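J.: In case you want the letters, here they are:
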Amino acid sequence: MQVTVKLFAFFRDGRFKEEGREYPPGTTVGDIVNSLGIVRDEVGVVLVNSRQAGLEAAVAENDAVAIFPVIGGG
Amino acid sequence: MESLEEFLNRRSRDGVVSLTTARGGSRIFGLPMAGIEEQALLLGLMPGRYLRNGLDCKEQLRLLRARVAVVGCGGLGGAAAALLARLGIGFLRLIDPDVFEEHNLNRQQFATVGTLGQRKVQAAQDALAEINPATGVDAVCGRWRREHLEDVAVVIDGLDSAGERRDLGQACRELAIPLVHGAVRQWYGQAAVVSRESDPFALLYPDTASPEPGIPEVIAPTVAVVAAIQAAECVKLLLGRPSPLTRHWLNCNLHDDDFDLTGF
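Protein chains in written order, with our numbering: chain B, 15 to 88; chain Y, 17 to 280.
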C-alpha cells in the first residue's frame, strides 16, 4: 500500500522531506520509523492524517504520516 | 514646587519624554524610572525609548504594569528577557538555579567571558538594568516554585527538561496563567501557548517514561528566533491580541527555512 511519509527537523538528514513509500498491509507507525533507521526514543509527535498517533498505530492505504523529533532544549 | 505632571508636560517635546527628562524626574521626585514612565504614559506622553515600538500610550502602559515570569534564564529565557525589557515590560521575575559555564557562550544572551561563574539570574539582572532601568527584576537563583507564578500575568518557558515542562504547564493551567512555550534543538525549534483551554504538552511531551535527550546541541540563531517568537507572543497575550499559537504549535526549521503551524 502507498503511504506518504513526511519527516521534520533532523529526521530529514540523509533521508527526505516527503516521500510516497510502499508498505505491506498491517504496517504500523513504529514499522515505518524502524524502516527509516530512526531511533524510537528520538520520536516526538507523530501525526497520521493530521491527527496524533502512537507508534503502535496501524496505517492504511493513502495515509499521510508526519514524524517529528523531540525538541526539548532551552 | 513644580509637580511631576507639570515637570513632564513642560519638558516633553511633541508628546515625547526623553530619557534625560525621565532620569531627571526620577532624581528630582525620588521615584523609580518605572514610576516616571507610568506618570508620563498616563499623561499621554510617550517615553522616547518606546517611540519606535509603534504602540499607543495605553498599550505601552499595559506593558509597563505587566508582570512576567521567565522560568529558566539560559538560552531562550535570557534572550526573551532582553526582548521583554526592550519592549517595556515593567516587571520580570527571572528564575534559574545555574551559573554561566563556558558551553553557554555559544548561544546564551547574558553569557560573556566576564560573567562566567556568575549566577545566570544575577548577570541577567545587571544587564537588564542597562537595557531598561524601568524594568524591575526579581532574580530568583533556584528552581521555580508555584508561588513564583501566582502574581504574574504570563510565564515564559525557558526550561530544558520535558518533566519540568510538564510540571510547569500543569501549575500554569491550574493558576489560569498562560505559559508561552519554546524549545530548541540544533537548527530546529518550536513554540506554543499552554493555557487553561489547551494543553500542547499533551502532544509535545506525552511520554513521562521516555528518556530526556542527551547533551543539548543548539545554535544561537535558533535560540534567537524562538525567543523572539515567545516575546512577541507574550506581548500579544498582554495586549489581548489574538494569536494562532493559542490553537497551533509552530515548528521552525532554520536549516530548510521551513515554518509551519500544526493545529492541536
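Calculated directly from the structure, the hints in this document are not laboratory data.
Keep in mind the model is a prediction, meaning the values are calculated, not measured.
Using N, Cα and C, we set each Cβ at its ideal position, and we do this for glycine too.
Errors might be hidden in some of the hints.
Residues of chain B clear of chain Y, computed beta-carbon distances all greater than 10 Å [claimed, not checked]:
no.	residue
1	Q16
2	E36
3	P38
4	P39
5	T41
6	T42
7	G44
8	N48
9	L61
10	S64
11	D77
12	V84
13	G86
14	G87
Over 12 Å on every C-beta distance to chain Y, these chain B residues come out as not near it, computed from the model [stated by the list, open to error]:
no.	residue
15	A23
16	Y37
17	D45
18	S49
19	V60
20	G68
21	A72
22	E75
23	N76
Not the full set, but computed from the structure, chain B residues with beta-carbon under 7 Å of chain Y [what the hints assert, rightly or not]:
no.	residue
24	T18
25	L21
26	F24
27	A67
28	I85
J.: Indicate, hint by hint, whether the structure satisfies it.
T.: Taking the hints in turn, this is what the structure says about them:
no.: 1; hint: Q16; in the structure: holds, 23 Å
no.: 2; hint: E36; in the structure: holds, 25 Å
no.: 3; hint: P38; in the structure: holds, 27 Å
no.: 4; hint: P39; in the structure: holds, 28 Å
no.: 5; hint: T41; in the structure: holds, 22 Å
no.: 6; hint: T42; in the structure: holds, 17 Å
no.: 7; hint: G44; in the structure: holds, 14 Å
no.: 8; hint: N48; in the structure: holds, 17 Å
no.: 9; hint: L61; in the structure: violated, 7 Å
no.: 10; hint: S64; in the structure: violated, 7 Å
no.: 11; hint: D77; in the structure: holds, 16 Å
no.: 12; hint: V84; in the structure: violated, 6 Å
no.: 13; hint: G86; in the structure: violated, 5 Å
no.: 14; hint: G87; in the structure: violated, 4 Å
no.: 15; hint: A23; in the structure: violated, 4 Å
no.: 16; hint: Y37; in the structure: holds, 23 Å
no.: 17; hint: D45; in the structure: holds, 19 Å
no.: 18; hint: S49; in the structure: holds, 21 Å
no.: 19; hint: V60; in the structure: violated, 10 Å
no.: 20; hint: G68; in the structure: violated, 9 Å
no.: 21; hint: A72; in the structure: holds, 19 Å
no.: 22; hint: E75; in the structure: holds, 23 Å
no.: 23; hint: N76; in the structure: holds, 20 Å
no.: 24; hint: T18; in the structure: violated, 16 Å
no.: 25; hint: L21; in the structure: violated, 11 Å
no.: 26; hint: F24; in the structure: holds, 6 Å
no.: 27; hint: A67; in the structure: violated, 11 Å
no.: 28; hint: I85; in the structure: holds, 5 Å
Comparing the model with each numbered hint stated earlier shows that hints 9, 10, 12, 13, 14, 15, 19, 20, 24, 25, 27 do not hold.
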